[in-house]
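Undergrad: This is what each chain is made of:
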Amino acid sequence: MAQITLIEAVTLAMKRAMEEDASVVVLGEDVGVNGGVFRATAGLQQSFGDERVIDTPLAEVMIAGVTVGMASQGMKPVAEAQFCGFSMPMIDHLMCHAGRLRNRTRGRLSCPMVLRFPSGGGIHAPEHHSESPEALFAHMPGIRVVIPSSPSRAYGLLLAAIRDPDPVVFMEPKRIYRWQREDVADDGEELPLDVCFTLRDGKDLTLVTWGAMIKETLQAADQLEKQGISVEVIDVATISPLDMDTIIESVERTGRCVIIQEAPRHCGVASEIAANLADAGIFSLLAPVKRVCGYDTVMPLYRNEMKYMPSVRRIVDAANQVLEVS
Amino acid sequence: MARTVAAFKVDHFQFLGPDGKLLDSQHTPALAKDFDRLCELYKLMSLTRVFDKKAVALQRTGKLGTYASSLGHEAAHVAIGAAMAEEDCFAPMYREYGAQFYRGVKMSEVLLYWGGDERGNAFSGPRHDFAWCVPIATQCLHAAGAAMAYKLRKEARVAVSVVGDGGSSKGDFLEAINAASAWKLPLVLVIVNNQWAISVPRSKQNTATTLAQKGIAGGLPSIQVDGNDLIACLWAMDKAIKAAREGKGAFVIEMMTYRLSDHTTADDARRYRPQDEVDAAWDREPLIRLRRYLMAEGVWDEGSEQELLAECAEFVQQAADEYVDIVTNNPQPVTAIFDYMYASLPHDLAEQRAYAEKYPEDGGHH
Chain D
1 MAQITLIEAV
11 TLAMKRAMEE
21 DASVVVLGED
31 VGVNGGVFRA
41 TAGLQQSFGD
51 ERVIDTPLAE
61 VMIAGVTVGM
71 ASQGMKPVAE
81 AQFCGFSMPM
91 IDHLMCHAGR
101 LRNRTRGRLS
111 CPMVLRFPSG
121 GGIHAPEHHS
131 ESPEALFAHM
141 PGIRVVIPSS
151 PSRAYGLLLA
161 AIRDPDPVVF
171 MEPKRIYRWQ
181 REDVADDGEE
191 LPLDVCFTLR
201 DGKDLTLVTW
211 GAMIKETLQA
221 ADQLEKQGIS
231 VEVIDVATIS
241 PLDMDTIIES
251 VERTGRCVII
261 QEAPRHCGVA
271 SEIAANLADA
281 GIFSLLAPVK
291 RVCGYDTVMP
301 LYRNEMKYMP
311 SVRRIVDAAN
321 QVLEVS
Chain B
1001 MARTVAAFKV
1011 DHFQFLGPDG
1021 KLLDSQHTPA
1031 LAKDFDRLCE
1041 LYKLMSLTRV
1051 FDKKAVALQR
1061 TGKLGTYASS
1071 LGHEAAHVAI
1081 GAAMAEEDCF
1091 APMYREYGAQ
1101 FYRGVKMSEV
1111 LLYWGGDERG
1121 NAFSGPRHDF
1131 AWCVPIATQC
1141 LHAAGAAMAY
1151 KLRKEARVAV
1161 SVVGDGGSSK
1171 GDFLEAINAA
1181 SAWKLPLVLV
1191 IVNNQWAISV
1201 PRSKQNTATT
1211 LAQKGIAGGL
1221 PSIQVDGNDL
1231 IACLWAMDKA
1241 IKAAREGKGA
1251 FVIEMMTYRL
1261 SDHTTADDAR
1271 RYRPQDEVDA
1281 AWDREPLIRL
1291 RRYLMAEGVW
1301 DEGSEQELLA
1311 ECAEFVQQAA
1321 DEYVDIVTNN
1331 PQPVTAIFDY
1341 MYASLPHDLA
1351 EQRAYAEKYP
1361 EDGGHH
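For the record, the sequence lines run as chains D and B.
Residue numbering for the first sequence is 1 to 326, as defined by the working numbering.
Residue numbering for the second sequence is 1001 to 1366, as defined by the working numbering.
Hints in this document: simulated from the structure, not taken from any laboratory.
Since the structure is predicted, the reported quantities are computational estimates derived from the model, not experimental observations.
Worth double-checking, as some hints may not be accurate.
Said to hold, decoys possible - In the DSS-like style, the derived pairs of lysine-lysine whose C-alpha atoms are separated by at most 25 Å in a straight line are:
id : chain 1 : residue 1 : chain 2 : residue 2
1  : B       : LYS1043   : B       : LYS1021
2  : B       : LYS1358   : D       : LYS215
3  : D       : LYS215    : D       : LYS203
4  : B       : LYS1184   : B       : LYS1106
5  : B       : LYS1151   : B       : LYS1043
6  : B       : LYS1106   : D       : LYS76
7  : B       : LYS1358   : D       : LYS290
8  : D       : LYS226    : B       : LYS1043
9  : B       : LYS1053   : B       : LYS1106
10 : B       : LYS1239   : B       : LYS1033
11 : D       : LYS226    : D       : LYS290
12 : D       : LYS290    : D       : LYS215
What the hints assert, rightly or not - Coverage of chain D stretches by chain B, computed from C-beta distances (three or more under 8 Å per stretch; other residues unrestricted):
id : segment
13 : 34-41
14 : 120-128
15 : 162-173
16 : 311-323
Don't be surprised by glycine CBs; every beta carbon is placed ideally from N, CA and C.
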């Protein structure tokens, strides 16, 4: 077993999937010779050749549309958008085609594709490189949305995403691409695409988050533990479909919940979770559900980007507000 | 039986050779003897290059974020700026500093943008110009829209947009050509073909012999010029802008140059690009040939060169100092995240703004 980073786990999962299934191909801008601008596809073209790891012309709409076409004909394309901002032109093909293909042909055609891209802020990147658009994709019927937050979850979830018979948007939290190393066995074991992962057990408060905010959330949990508060931390991991059972079961025990997301608050995934808690968890709640989110603004350029994103202090303050309600 | 219903050709224009000699004095445009203009533009090309080196150095020392270099593109960029009138509209991609300096954008403003501060986009150039555009080729359609506005209002103004060889593969670029053709818009689309879209070479974008012919396919007059030859670039821009201003419609110019730098400071071109290709490209770069020409014509000499380089160094250092001073001593407060979102702040954002003010130092620049 090797100690690897999240991005190395992404590479490893693609390599594994390509070894076990000849219909898996990787395509995108700079994914071949260059191995991806973050090195996510490093070495893959050397291993599998330029017909399975394809450097595309610079055209995101083309990448998305061609990916739908390939998938409809029995291939398993894993497309890369170079950054979250560059996934925006692809929305037409995801919304109007990928997510509808199976349904509108009554199962005659399907779309077993993966669209991967690095998302989120915090790495001093230029404009349009730092957004967290998971809610846009989660709002699309027929599309699964997955965001890993550790090397082992990246490996298992990406393998599952590639093997899944339907389209999956796989968002990679680039701020934590190289944050932690973890033992990851290249055993081909996938993780389920419909469950949350409980990272820490607690009895006083449930913190729910996903992606790179795991980092600040765990730090906030540490601080709260020092105050004597027992904190449960849940990594949602699969945004769509959302595993509310795990979250509700936790809130039934703790009675208090704070949801943390890097994306803007308005109509975000945190709001969806809060609405589900209001629906199915209301009688277990001892306090209002709080959301700690990015602001409903444009992601600022990098000099102010960390002020935009939820800080440990903002999470701890929200937690304490929730804990003060008796 | 078949008959030819359409045929096309693409002309390539070059007036100044890499050795600094005019290729064919008979067909050389008059501007080749306008030494005041050429010396002025040579100075701006040199300044742009000195600026570029400083910006890369600032990035390497942690004082600037990712920066997209303009090294090797100076003739193309300066010609674009010099051919435009102030009332024309420029929709750049993200490395056309030479054009923007001509139009009054300050160097410290370019640094602010790449230094992660939105105030760089509130630049001193024409207020109607577009800001830098990272989503590839989208600016082409905005320029087409600007041209549409001028046409509808019967203003003798022209919109100019720049796209790269990679960007010419995008629908936005092709759709801009199509719209300009359908509506006869006062638009000039410039493909600055520097041969590389990050790691993907021009040959992998498509097998078309030229990118200019994409304009012809859409019904626009289109030419190719040597993008390292300031005279050719300027001649083509002057011609295209004049035609557009006179209501004759849009024009596509492909300027053939070479990206002598990495794509950005976040890139390492050694991973994918042969060094001998880069070395060979240096023999064709735009500054040396223009300097040789001006020197041979007796309007430039070693003394003026040394004087210029000293001036550029001082000017660029002042700009860098100004930038560092702004971000160090006058950073944008957290409220700046909110204050330009709408003409007036909606109630929900006002609430979030007040909340953010309670965390002014949280997660600050690090």
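Undergrad: With reference to the structure, classify each hint as holding or not holding.
TA: Hints versus structure:
1. B/LYS1043 x B/LYS1021: 19 Å, holds
2. B/LYS1358 x D/LYS215: 22 Å, holds
3. D/LYS215 x D/LYS203: 20 Å, holds
4. B/LYS1184 x B/LYS1106: 33 Å, violated
5. B/LYS1151 x B/LYS1043: 35 Å, violated
6. B/LYS1106 x D/LYS76: With a Cα-Cα distance of about 49 Å, the restraint between B/LYS1106 and D/LYS76 is violated, given a limit of 25 Å.
7. B/LYS1358 x D/LYS290: Distance ~17 Å between B/LYS1358 and D/LYS290 Cα, so the pair holds.
8. D/LYS226 x B/LYS1043: 63 Å, violated
9. B/LYS1053 x B/LYS1106: Within the cut-off at roughly 16 Å; holds.
10. B/LYS1239 x B/LYS1033: Given that 25 Å is the threshold and the Cα spacing comes to 17 Å, the pair holds.
11. D/LYS226 x D/LYS290: OK: D/LYS226 and D/LYS290 at ~21 Å, within 25 Å.
12. D/LYS290 x D/LYS215: 19 Å, holds
13. 34-41: holds (count 3)
14. 120-128: holds (count 5)
15. 162-173: violated (count 0)
16. 311-323: Since 3 is at least three, the answer is holds.
In summary, the structure is inconsistent with hints 4, 5, 6, 8, 15 from the numbered list given earlier, while agreeing with the others.
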